[in-house]
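Reassemble the complex: the two chains are provided individually, in unrelated frames, and hints are given to aid placement.
So you can see what is in the structure, the chains are spelled out below.
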Amino acid sequence: MTSANSHQRSPLLTAYAALVFAFIYLPIVVLIAYSFNRDGVGGFPPRHFTLDWYRQLFSDSAIWDSVINSLLVAAASVALSLTLGLLAALALDRASFPGKALFRRLVLLPLILPGIITGLSLLMFAVFAGMQLSLLTVFLGHGTALISVATTELFAGLQKLDRAQEEASLDLGATPWQTFWRVTLPSLKLSLIAAGLLIFTLSMDEIAVTFFLIGRDNTLPLEIWGRLRRGITPEINAISTLIFAASVALIVIWYRLRARTVGAQAQELLEHP
Amino acid sequence: MYSRAYKAVISAPPLLWVCLFLLLPYAIMFAHSFWLVRDGFLVHQWNLQNYRALFSNPLYFQVFLRTARIAASVTLCSLLLGYPLAYYLSFHAGPRKELLYQLVIVPLWVSYLVRGYAWKTILGSDGVLNGFLQYLHITHEPVSFFLYSPFAVVLMLTHIYTPFVFLPIYAALEHIPRPLVEASQDLGADRRATFLRVILPLSIPGLLAGATFAFVLSLGDFLAPLLVGGPSATMIANIVQSLFGAAYDWPLGAAISVCILLITVSLLFTTERLEKRWSFK
Chain A
5 MTSANSHQRS PLLTAYAALV FAFIYLPIVV LIAYSFNRDG VGGFPPRHFT
55 LDWYRQLFSD SAIWDSVINS LLVAAASVAL SLTLGLLAAL ALDRASFPGK
105 ALFRRLVLLP LILPGIITGL SLLMFAVFAG MQLSLLTVFL GHGTALISVA
155 TTELFAGLQK LDRAQEEASL DLGATPWQTF WRVTLPSLKL SLIAAGLLIF
205 TLSMDEIAVT FFLIGRDNTL PLEIWGRLRR GITPEINAIS TLIFAASVAL
255 IVIWYRLRAR TVGAQAQELL EHP
Chain B
2 MYSRAYKAVI SAPPLLWVCL FLLLPYAIMF AHSFWLVRDG FLVHQWNLQN
52 YRALFSNPLY FQVFLRTARI AASVTLCSLL LGYPLAYYLS FHAGPRKELL
102 YQLVIVPLWV SYLVRGYAWK TILGSDGVLN GFLQYLHITH EPVSFFLYSP
152 FAVVLMLTHI YTPFVFLPIY AALEHIPRPL VEASQDLGAD RRATFLRVIL
202 PLSIPGLLAG ATFAFVLSLG DFLAPLLVGG PSATMIANIV QSLFGAAYDW
252 PLGAAISVCI LLITVSLLFT TERLEKRWSF K
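Top line first, the protein sequences correspond to chains A and B.
Residues 5 to 277 in the working numbering are what the first sequence lists, from first letter to last.
Residues 2 to 282 in the working numbering are what the second sequence lists, from first letter to last.
Chain B on its own, in the form it takes in the complex (with noise of 0.2 Å):
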């Protein structure tokens, strides 16, 4: 029903654009990554050198272990406190529902900053929460490990991601027929054979694409680290970042870069693989 010049007004300007603002600067960062600095200076000179020390130097392999136990952390952190949550209000919450669901979106405006900077004031040795042990007299010295440790990301992470584990965990539920479940309970089994039997297995493709999401977010973030994790918490995104910065080594920067996209394309395309074979047709 739509002609040909129809068609061609609306594919032309957003490929242009995307081809030219995305797909380009994906193919410039793909070049860097096999040139090399010499002398301070970028020289296009095409080699793998950047690969072979990401590959040859433990160090890079050590803060990428780190990374993964962060995101992997975050993913499951933000799981537990976002799968029961989702299931609470889609079962049992009655006419209370909606405002709930609302009290959880209002927090995804808020922020990312304001809220890590939230987490700093409350972590802090002269923070929020020394103060409140000191006032309960649990402690009587500031305690100053809370912040600048790897935990302070997980907290700051999972603080961030638990709202955006929660809603497709939710939408997966809201979207299973009441009706299975009922039969379920109709047929004998209890309230935990139904919840194994039925509900999880039919909620395993929100669940996956929250769990991809946060683990992905957390594997590129560098703004967790300097807030709020520091020196024993760098994370990979942070070697880049100072690379791009006081290191000036642009094309080693390029190709971390380029291993974390490949590394996140390859999971959104393994977790789309695993979301169809557990989807309910």
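For reference, chain A alone in the conformation it holds in the complex (with noise of 0.2 Å):
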């Protein structure tokens, strides 16, 4: 019964699902080709290689200034939507208050309403407050709005929990503080690093709430676009390139992880049934 169904052939079905795989990867390859063109981007076929494009970005401060914004922002943005995520997730789970469906829809609201309602309403927000724009407000933006993600995937992670443990741990004596730092925490890891990992690089990479929250200093993406405005330059495929290399290695880390995480688990199981 197992493949009654999973092996059917059909080929013009595989041809078609081939064809969209060409469709979503074919920009992405294209930029990374033509980073290593001597003649630039544009032409076909790319024709001379060369890593010129990569020097010239490595001595462009501006560039690495905007990526060290970056990452501050996303490090900060990071633990301030876990932790805010982490409450809200728990609170859902099992704390009841008025407004208990309204807060949820309210968290989650970010994750689907376009970028530029969520910069323009903090926008607002910031004036409204005299606050300065700068990564401070940037970093206002990403945390709030990527609390959502961190609470849908925490979420999700609490709901898998295995409640016994936490009551065991609670009649034996622990303090619900300990419980929670012992018992919790410990089990929602994996849900942990991948909402992390997945914020992070979600910060990294947003524009559209960054666009109206920007000071004085630009994220990387900010400094692209600002560029993009004066015109193509292969420097631009270089770097962009770098950041898909990134991506794909935090993908891997991220697969390294949960197989490591999955088989430890799998193996205490074995041992302690």
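By construction, these hints were calculated from the structure, which means they are not laboratory data.
Hints are not guaranteed to be accurate.
A few chain A residues that face chain B, going by a derived Cβ cut-off under 8 Å, partial list only [claimed, not checked]:
1) Leu88
2) Leu91
3) Phe101
4) Ile116
5) Ile228
6) Leu246
7) Ile247
Here the structure is a predicted model, which is why all the values come from computation and not from measurement.
For each residue, glycine too, the CB sits at the ideal point set by N, CA and C.
What follows is the structure, encoded as structure tokens:
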């Protein structure tokens, strides 16, 4: 019964799926290929291999300043949205208070709302509160919008959690605080890492919200955006290729971690059934 | 099993944060939409002028219609690409399923801006596509209409949202109990009938979720028109963005934003109800 319909031959569908994959990957392949093209972006085929664009990129201090700004904002956003997202997920899972349904919708709203709405409402808030636009306002925007991602991911993790372990911990005399640190948090490790990585990449990449909240210091996407307005240069292909490589590296790390954690859990289960 | 203190400690911080940095900003935006600008200054005088301007000036309606058309095209194209892909992976990919699934996920991690930029370099008049066409001697001069058109915006956004549409559909297809499909085949339905009468109806909630996502996010996009769209593809969010920039009329911009927000929320609400109706329990 297992593979009665999982192996049906269907050449037409297979070909169509291959085409969709080609469509998804075509721009990425083109982007990477032309980052090594001496004659710049355009023309076909790319003829002369060069690393000049990467050399130029590495001596471009404005780009690297913006990379540092982006890393700072991303790291701070991960810390903020993981903390608040964890509390929000716990609250949705186990507390009841008036307006809980509204709270759930509100927290998750930035996930599906166009970035311009989140960005503009926070811009008006910042002006209203008399705040200067800076990396701090950008962080506020990213951190707040990405609580939605953390909450979704961690709420899913909590649903899979075995409540009996927490109950046992409390029954055996641990305080709720100890139970939280020694039972709840460790069992959420995988969801926390997944949410953290996702929030980090989303923040590194964010442009629609950042657009309205940025001060004098640029994040990487806004630095690239500013250069695009002046024209196309293969230097942008080079930095994009590096971003792509970094994203793929993060995904690989995540799978390694997951495989190891799942493996360790399985082993533990075998040893102490 | 959890004490009241515990519940208060977990609920209070996110509740306060969300009220201060989400609810209050929305409220301020809502308030702005009822104010006005006089002689280049924001005046806190309550009035309905902005909404009246929105409904009386046909320009806004035209741009809004174009935006809805572009968003609908993006949704349709993403479904046409994403659904068959999800169906293939779920029912026909065999042992390569996991690997192919990861291959769909990877581009999700690649920057929106980077992918938009890639399309710009492909479609431009001295871009890669033109170089390719001339290399094959299909054209002899650069073709300029690829870039800076609504078509380019639809292409770019479809590329971005196809994986997003794929995900919920794939999840829905994976949740279909396989014995149902086998029962349908055992009872004599051919593959087409099985798809139309068993698989498709059961995947409607996933399809709706993906479609809503693509539609709503395309509806509020302002970067794709700036990047590859040009003036003929100006969307509603571009108007908002210029009202908050050079055109300096925050109240009118806020009024349009409130409309986008209301449309989004009502669409989400409708989808949620439809999903419930179609979900298989």
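Hint-by-hint comparison with the structure:
1. With a least beta-carbon distance of about 5 Å to chain B, the hint placing Leu88 (chain A) at the interface is held under the 8 Å criterion.
2. The criterion of a C-beta within 8 Å of any C-beta in chain B is met by Leu91 (chain A), whose closest approach is roughly 5 Å, and the hint holds.
3. Given the 8 Å rule on beta carbons, the hint for Phe101 (chain A) holds: about 6 Å separates it from the nearest Cβ of chain B.
4. A distance limit of 8 Å between C-beta atoms decides the matter here; for Ile116 (chain A) the minimum to chain B is near 6 Å, and the interface restraint holds.
5. With a least beta-carbon distance of about 6 Å to chain B, the hint placing Ile228 (chain A) at the interface is held under the 8 Å criterion.
6. Nearest Cβ of chain B to the Cβ of Leu246 (chain A): about 10 Å, over the 8 Å cut. The hint is violated.
7. Given hint, Ile247 (chain A) at the interface with chain B, holds; its Cβ is 6 Å from that chain's nearest Cβ, closer than 8 Å.
When the structure is compared with the earlier hints, a violation turns up for hint 6 alone.
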